[in-house]
Amino acid sequence: MLRDTLQTLLSCYGPSGSEHAVADKVRELLSGHVDSMKTDALGNLIVEKFSADENAKTIMIAAHMDHIGLVVTNIEKEGFLRVSAIGGIGPKLVSGRKLVFADGTPGVCAIEPNKKDPSAQPGLNDVFIDIGAESREEAEKLVSIGDVAVYAPDFTQLGRHKVASPAMDDRCACALLVELLMYADNQKHNIVGVFTTQEEVGLRGATVAAFTVQPDIGLALDVTGWGDTPETDLPAVKLGAGPAVKIMDRSMIATPSVREKLFEAADMAGVAVQREVLAYGGTDGGAIQLSRGGVPTGTLSIPCRYVHSANEVIDMRDMEGALKVLLQFVDLA
Amino acid sequence: MDLKALTEAFGPSGSENEVRKLLKEAASKLCDDITIDRCGNLVCRRQGSDHSKPSVTFAAHMDEIGFIVTGHTEDGLLRFRPIGGVDPRVVVSKWVLIGPEKIKGIIGAMAIHLQTKADRERVLGYDNLYIDIGAADSKEAEKLCPLGTYAVFDTEYTEFGDGFIAARGLDDRVGCKNLLEILKTSDYEGDLCCVFVTQEEVGLRGSTGAAFHLQPDIAIILEGTAANDLGDTPLRYQVCVPGEGVAISFMDHASIADKDLFNQMKDVAVARGIPHQIKRAITGGNDAGSFQTSGKGARTCVLSVPCRYIHSGNNVAKLSDIKAQADLALAFLNSL
Chain L
1 MLRDTLQTLL SCYGPSGSEH AVADKVRELL SGHVDSMKTD ALGNLIVEKF SADENAKTIM
61 IAAHMDHIGL VVTNIEKEGF LRVSAIGGIG PKLVSGRKLV FADGTPGVCA IEPNKKDPSA
121 QPGLNDVFID IGAESREEAE KLVSIGDVAV YAPDFTQLGR HKVASPAMDD RCACALLVEL
181 LMYADNQKHN IVGVFTTQEE VGLRGATVAA FTVQPDIGLA LDVTGWGDTP ETDLPAVKLG
241 AGPAVKIMDR SMIATPSVRE KLFEAADMAG VAVQREVLAY GGTDGGAIQL SRGGVPTGTL
301 SIPCRYVHSA NEVIDMRDME GALKVLLQFV DLA
Chain B
1001 MDLKALTEAF GPSGSENEVR KLLKEAASKL CDDITIDRCG NLVCRRQGSD HSKPSVTFAA
1061 HMDEIGFIVT GHTEDGLLRF RPIGGVDPRV VVSKWVLIGP EKIKGIIGAM AIHLQTKADR
1121 ERVLGYDNLY IDIGAADSKE AEKLCPLGTY AVFDTEYTEF GDGFIAARGL DDRVGCKNLL
1181 EILKTSDYEG DLCCVFVTQE EVGLRGSTGA AFHLQPDIAI ILEGTAANDL GDTPLRYQVC
1241 VPGEGVAISF MDHASIADKD LFNQMKDVAV ARGIPHQIKR AITGGNDAGS FQTSGKGART
1301 CVLSVPCRYI HSGNNVAKLS DIKAQADLAL AFLNSL
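Here the protein sequences come in this chain order: L and B. Position 94 of the first sequence, counted from 1, bears residue number 94 in the numbering used here, the numbering being contiguous throughout. Position 143 of the second sequence, counted from 1, bears residue number 1143 in the numbering used here, the numbering being contiguous throughout.
Hints may be right or wrong, so weigh each one.
[Stated by the list, open to error] Covered by chain L, according to a simulated footprint, are these stretches of chain B (three or more residues, beta-carbon under 8 angstroms):
{"hint": "1", "segment": "1128 to 1135"}
{"hint": "2", "segment": "1234 to 1243"}
{"hint": "3", "segment": "1256 to 1267"}
{"hint": "4", "segment": "1287 to 1295"}
Don't read these hints as lab results, they were simulated from the structure. Beta carbons: idealized from backbone N, C-alpha and C, even for Gly.
My request is simple: use the sequences and hints to build the entire structure.
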């Protein structure tokens, strides 16, 4: 079920550039359900499920496997780790958080006070990871420069419908894509599901995957922001009010024909959807749309609170709705 | 090809002709298939006999930071702007060579006697800096150095101290030198290409074209990178240290190294006793970014020579690190 798939994928380690554990898990889940699976030079997992219809179009649907993290740049003589950001992650978000490396080595993240200027905003240079080592030599046995720490997995049910976890951006979309590829049956169009890499550092995986796939239609699945907490009003998107059809963000103005097909699919599936205009951020859709001679492209979003924090919150009703829209979309487009 | 000739050749981004000519001449003795593509990249290919081996491209950029003439004042001075990232604090009172004729000019600032305290505390920007070519008036200046004329620091290649060199444009003539070394020494049996690219300093422009038409399985970028190892710089702000070997990058602003290649580089360096270090900061970006994301994409990794005072008129590097870069590139090829 969708929730189990989501939980399975959320438990995988996968910062930008090291997504193979997620890809392996997706391969395992989809084994026997699809026509082909291959991995390219950037680690994108490209999964095909063909239609029997000879007039079928090829729809590339992208969900990114990577999530944000902290990369070790230096090890202090006292055994503490200095870090830089992979993707949009800052000192406020990481301070006090439990982190984990690829091999399971745990650490906690702390901020040092700025003695010269206590009122200064801390930067990532003021952050370090404490892995309990008491010297550089001891730390080097556990961690090397270039290793990446991510928020430790932590899946929590909130209320009746909401769930919180790190990496919800964009594993919730990976879960949707897995379920779509599992349950699409005799659909009208060829689905090429691409589990992409390195979205958080600049849509890099999707850029090359779109070139290889050469789709007729592109669709990105990603989270979007929220406008439903007390002092927030933009984007005008609420959790639990259905998935959102993107009109535009910083990476793309959705191709009107694709956008309208999404509304049509939602209508036919009887799923309420929201309209999304995002003033910041971008998705793999931006890279797909500009590939080669251009690809008509849209994005379907899952509203998500506290994006890039260790507690990204989504509503499972939006997930269930999105899956219905997608199953309809690949039959309609 | 010696580094003296390479670093004294004129080659700011978009005007790489002199460097390319030198390199082409040297490469033609080492390689039969040499072309210049539409972006001005010098492409040296060697077809392999063993197609089970991955195709490998090594890339280094020919261009260097420099200046371009943007105007002339009534009294015959040249207004100018930098090409690539040049800190205006390092340009004052430096000699420059302007245009194909290499006219000498000097970047001037107000004499200290005439400055107020406020003047001395202010950093002069490019709006307040001029190149003096000793011209009588704007007409003469315009005739000698028309709009769009390129300039570079006038720097003589110097060896000093314990195996150090100081020169202009070590970023990335060290890589260019080592590409020739690869062509000379390697007997790699897969497809091999060494490409000398243009316009890296202004946004990876040459390599974007080259990467698209070359489409290698693996692209290794040979670079010069900032060291930042001196003074009381805390460990966490240091990047790499001249003398400690070739720097292997896990990530910069343009790419994340392919994990397997990164580990393979480390393993090969250890196994062959090649001095190496891991670049300890995420700074800059280079042609790996375009190779990784062009066309179907390529697996990439960056090997850099640590350079002090990079993007100034005098970069400082250690000869042993330059050798280590070539050694690791060649040892890596042998390991495939």
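Tell me the hint numbers this structure goes against, listed in increasing order. 1
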